[in-house]
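A.B. asks: For reference, the chains in residue letters:
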Amino acid sequence: MTRLPLRELCGYRSGDKADIANVAIFADDDATYELIVREVTADRVRAHFGDMVKGDVRRYEARNVRALNFVMQGALGGGASRSLRADALGKTLGGALVRLEIDVPDELVRHRPRPDVTWAREILSSRR
Amino acid sequence: MTVRVGGGQGFYGDTPSAVESLLDAGVDYLCLEALAELTLAILQKDRQRDETRGFTRDLPLYLDAALPALAEGRTKVITNAGGINPTAATRAAIDAARANGVSGLKVATVLGDDLMTRLDEIRGHGAALEHLDSGESFDTFPGEPLFAAAYLGARPIVEALELGADVVITGRVADAALFLAPLVFEHGWAWDDWDRLAAGTLVGHLLECSGQVAGGNFSGEWWTIPEPWNLPYPIAEVEPDGSAVITKPPTSGGRIDFDTVRHQLLYEVHDPAAYAAPDVVADFTSATFADLGGDRVSVTDVRGNAATASYKALLAHRAGWAGEARVAFSWPDALAKAEATAAIFSERVERAGLAVDEWRFEYWGVNALAGPTVPATDHEPPEVVARVAWRCDDQLTAGLVARELVPLSLSAPPAGFTGMGRGGGRPTELLGIWPTLVDKAVVDSHVTVTVEEM
Chain A
1 MTRLPLRELC GYRSGDKADI ANVAIFADDD ATYELIVREV TADRVRAHFG
51 DMVKGDVRRY EARNVRALNF VMQGALGGGA SRSLRADALG KTLGGALVRL
101 EIDVPDELVR HRPRPDVTWA REILSSRR
Chain B
1 MTVRVGGGQG FYGDTPSAVE SLLDAGVDYL CLEALAELTL AILQKDRQRD
51 ETRGFTRDLP LYLDAALPAL AEGRTKVITN AGGINPTAAT RAAIDAARAN
101 GVSGLKVATV LGDDLMTRLD EIRGHGAALE HLDSGESFDT FPGEPLFAAA
151 YLGARPIVEA LELGADVVIT GRVADAALFL APLVFEHGWA WDDWDRLAAG
201 TLVGHLLECS GQVAGGNFSG EWWTIPEPWN LPYPIAEVEP DGSAVITKPP
251 TSGGRIDFDT VRHQLLYEVH DPAAYAAPDV VADFTSATFA DLGGDRVSVT
301 DVRGNAATAS YKALLAHRAG WAGEARVAFS WPDALAKAEA TAAIFSERVE
351 RAGLAVDEWR FEYWGVNALA GPTVPATDHE PPEVVARVAW RCDDQLTAGL
401 VARELVPLSL SAPPAGFTGM GRGGGRPTEL LGIWPTLVDK AVVDSHVTVT
451 VEEM
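Protein chains in written order, with the numbering used here: chain A, 1 to 128; chain B, 1 to 454.
Hints should not be assumed to be uniformly reliable.
[To be verified] Think about it this way: if two alpha-carbon atoms lie no more than 30 Å apart in a straight line, the pair counts; the simulated DSBU-like pairs of lysine-lysine are:
id, chain 1, residue 1, chain 2, residue 2
1, B, Lys45, A, Lys91
2, A, Lys91, A, Lys54
3, B, Lys106, B, Lys440
4, B, Lys312, B, Lys45
5, B, Lys440, B, Lys45
6, B, Lys45, A, Lys54
7, B, Lys312, B, Lys440
8, B, Lys106, A, Lys54
9, B, Lys312, A, Lys91
FYI, nobody ran anything at the bench for these hints, they're computed from the structure.
Using the sequences plus the hints, can you model the full thing?
C.D. replies: Below, the structure is given as structure tokens:
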């Protein structure tokens, strides 16, 4: 067993509806999907976000795309048009979720590749 | 017959620059989704300043791009750019046609989503209008509503197409319904053909955020997306049986594959097995996706269930005024300085007797975005920006709070103190959103479709 943050195993996307945020995480293969179904419970996600999320967290499964979808009530400081948060739309909550660490059996240990933004640095260095 | 629909806009402020390649690739319908929840609040403020506004004012820019194809009969445009004033949007569309020297087209205006003047009547019909998420009674609604709009479905758009409209302008029609409507019209789907309605809704959901299905906001290997400065907008090729291929124009930018598509599938979705659209409850978990390669992903087997008896509606109320200020600190002890400055600032405000209803303290570079999910660490950040935001009852107080920041230029903790926004920007008005449900029959009886020459 190795303890890994979900960022090594899963993609993510998050968004808002009023004061509710949803965060979806995506596994790349069936075995990893079974692992996150087992490990990443609504209770763990609720605890991970602490006082950032005021209400309930519900989990939905979308097995056809190997995804878990977490719907978090009271997660945006009152909703986009009312919130004092810099990220009032919850766009960054996906990144916050994949910080969560789980125990991963050795055969599923993986490290998602890190960005190579050489192209961006080339563009930036050409600017005056 | 295959129907090709394109998603040419994902929000108010999106770029029309990718529309041309959609039209070059050929789309039978160009659907422009302009309304997020937040957008109605923006448009409400706009209409408050000027009665002739309240629609998304980038509509003419989109029409400038689409009018040549419209005039040649190569495409039709469907948009909810009408916002909370579709009639004004239609005027703007007619002006755009005239300015482009295009005539002989038909524009349809869909009205009836606006419930503002009907709230008493609707409550008289027995609608409780309770808060959809919290269950709070409408009796606790704070003050007077600023807008009230129901999410209409595809039916009035289909009616407009049956009347020969080339351009259909609506107010608050549900995003995906803009895309479902031409599929119902072209394929002749029945209003109780739940599986096909669900398929069209799923397709619409995938397309409604423009570039977001083609490599935008993508958490996979995002840095490998080709030409991200040239992100394409998506196309769906939809068959009469509801099966579809999601693709993009053959330009050099962007990517559509299983991963980009599934990211979008769950975007702003709650229960994926019961996506409650106005016209159907779609089961997104029933769909089968196949990556065909070459930026083509097929979607088949979508199942749906009967639509509910109500529309979702959004109401808004005033929620005070916000101000914010940002101050940057350098190493050493950047976080400690940021915290101390935020505390000193708020203490000055309290001592000045200014009534602040809510404070927000963020430390950019530390945990401003991710809050308690960031573990405490001994690592000392090289730079930290303190962002302080506050909410007050009125505009004047929110502005006075900002002024208390200015003296800190000389009296705050040391080193690299850079005032950003000099006492903060001007206060902005906050609006609370009140989602609710309204019986469909009560809304539908007032929905109208008007067609005129443009």
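A.B. asks: Return the numbers of the hints above that this structure violates; sort them in rising order.
C.D. replies: 8
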